[in-house]
Structure formats: C-alpha cells, structure tokens
Amino acid sequence: MPRLEPSPDNAAPVAIPQHFWYDLAVAKLSIHREMSKTMQNLRVFTLGDMKPAGDADRDDTRYVRQTHTSQLARIIEGAARDLARIGEIEGADCIEVSAPEDSNRADIVGAVLSAIENSDLLIVDVSNESPSVIYELGAVNALGLPYILVTSRVSLPFYLTQTRGILNFAFTSEYKSSEPSHRELRNRLLRNYRSADGLEAMESRFSEYFGGLPIVNISGPVSIATGYQANFLNRFGAQDHGLLSRQVTWAKGRDGDSEIEVVTRIRPRHLIVVIPDLNRHSDYNDARSTCEEDMLAAGLELDSVSVLEEPGRNQRLGMGVLIVKNHAEIVLDIPRTLFPLLRSPRILTAFKNGGGFTDSQVRERTTRRLISDFRAALEWNLGLARQGSDAPWDRVHIVPQRELVAKVLELVDPGARA
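Going by the working numbering, the sequence shown wraps up at 418, each residue one higher than the last.
If you are wondering where the hints come from, they were derived from the structure by calculation, not from laboratory data. It cannot be assumed that every hint is accurate.
Each computed EDC-like pair below joins lysine to aspartate or glutamate, with the alpha-carbon atoms no more than 20 Å apart [claimed, not checked]:
1. K176 <-> E88
2. K407 <-> E261
3. K407 <-> E293
4. K325 <-> E410
5. K407 <-> E329
6. K325 <-> E261
7. K407 <-> D294
Treat the numbers as computed from the prediction; the structure is a model and nothing was measured.
Generate the whole structure from the sequences, applying the supplied hints.
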C-alpha cells in the first residue's frame, strides 16, 4: 500500500508508491559505493553491559571488571591479525579497537559518548538487553554511525529483529578462526574497512524511516538540500517555464550596465550539479578552480555567465551559473550552500569535545557522511519531483566532483560512453 506524504504546498497528501522508498535506499547505497576506497584505518569501539568496579555513586569510580566488551575487543584484534595474514589489510594495526574498560576517565557516560563519536564502527553486545546498552544504541542510531549487533542468544531483542545481527556469538578470550560467529564478524569488519564512510554497514530502523538519513543530520544536510531544490533546481526543472524548457540568454556584466555582453541565446539541455569534496575544498572558489583545471586537462573550458532576465534598456542580470564553452547548452553549478556544513554543530561539537576527532581520518569520514546525506536528500527531492511530472528532471544530473569531466564528455558526445 502506498505511503501518504504531504505535498509541498501542504495540500492533499501525495501517494508515493512503496517502490519509491526502495529506489531511494538503492540510490543512497550506490552513493556510498561510489565513495568506497581501501587501505585506511578503522576505529572500532565495543559496547555492552557494564558494571562499576566499586561504589557506583563515587565521582572517581572506575570502569568495570572484565565483561563481554573486553572479550569482543580481543576477538576483533585477533580478527584483524587474521585479515592481515591473508592479505586483506596491510597490517593488523589498520583496525584499532578499544573497549570502555580501556579508558581512565571517571566520567563513564562522557567517555563512552566521546568514544562513540570518534569511532568508525561500533560493535554492540545486546545479549543481556541492558537498558544502558539500548540507550547507547539509540545514540548510535541518532548519530548515523555504522554498527554490528552481536548476541550470545538465538535471536535479537524484538525491536532489533530486522537487523542482521550475529547470533549465537561465542564470547571467548581470543579470536578463533574455527568459530563461525568470529569469522562472520571478521568478514563484516572487512566490509566496513573497505567502505569510505562505513554507511554500507549501517542498519538503522530510525534512519530507514527517514529515507536512510541519520536523525541528527536531518536539520543540516537535508534542510540545505531542500532549500537548494526550492531556490535553485526548481528554476531549471519547473514544467513549461523552467530554464530547461525555454530559450535563455546567457550574458556577462553588471545590472544596468550598458556594456552587458550577450554570450549566446540557447535552450539549456542539461544541468550538472557538482557535489564538491569538502575534505579538499573549504570554499566555493577553491572547488571551482579545481573543476576548471580538470576540465582544461580534458580540452574543455568553463565560462561564468548570468541569465539576462530583462533584455532591453533596463536589462537586468539574474542567476549566475557556469557553462561549458562551445557547449553552452550544458550548465554546471557547485552548491555554495554545502560549504557551511564544515561549521555545522555536528562538526564543531565534535571538535570541541576532542577525544581524537581532530584526527584527519575521523573528520574526513564524518564530512563524507554529511555530503552523502545532502546528496541522498537531493536525490529524494528529485525523485519526488519526477513522480507524475513531465518536467525535464531527467536532465538534472548530480555527480561527485571527481566525475564531472566524464559526465560532461558523455553529454557532449553520448556515443563516447559506449
């Protein structure tokens, strides 16, 4: 049965076919796969039921005596050595693991939350269905972090039954290659290690409800993507009067300037939205310069133009874009609204709290997740716009910066793709 969603103008709800949500999940997964790479470090933190050593009410109470979390850490260390032995990773130290017991901080809750924030992957033991563990798992879900559930039982707790946990997990003092549950954990560690942001390993019912978007990021990347759709993309894709549906005059100059130069009058055929790499570029101009250099290396050139809104005596320039010289029907835009994400509360709070987040690898993974969420939300909005519409939304292309040249070449010469 289709889900009902409010329409953009808060009118009657729009019925969205159930396959749309599947398509969104597939699109988000493909985005993550595009970002995949190998040979990086993976920080793993284990979560599980903990008991204080001594008086739990004392401010200086220390972490716990040995629990499943420390056993998990030793098993993961052994799995890393096994992966290094068979040549899947460069060395066992490529996978770093820690447990709550490893911390010297008296502030248990603060230490655990800091470790969660600074990890690439969480291994969560839900064997005892501990309230504290479920609470921590809620925080992991909200942050959109990848995790793997393990339990010594034959099934997961009710609310987690649709998650692919590792059942009948054998908690031992070391990794055993002959133990099926240990091998499964090893293989899933490797899949996460090979992912640029680890999101392929994430299974969050909360995030799935919001189209695969982490709860904590909904007010950031998703809001930016929605605003970009409304304020920019709709000017191109709107049916009948969008820029992709009519003749447009590209011009250069300033408002009211009698010397405004008309570059060309043409009907745009394609709009390419270039998703910048925020780990390489902290501002629009830097990202644009790199795009120009990449295009020049392929024998292509970009030109900065504006829409001539009112030709004639009181001519006025409108929205500025980039076009491909000699192929002015191909329009490019690098969303300027993306760069403020680098100063979003998600990033700044993590820097403030420290705990190793300033390490470039952790910062880069978190930034990639925010970019991924922006792009997934943009794809979601475009999918919604395409439903039952004859508008030219199929000519709006969203590509990561590194694929810009290939996309332009494909549009310039469609036969070259084959």
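- Out of the numbered hints, which ones does the structure contradict? Hint check: 2 fails alone, others pass.
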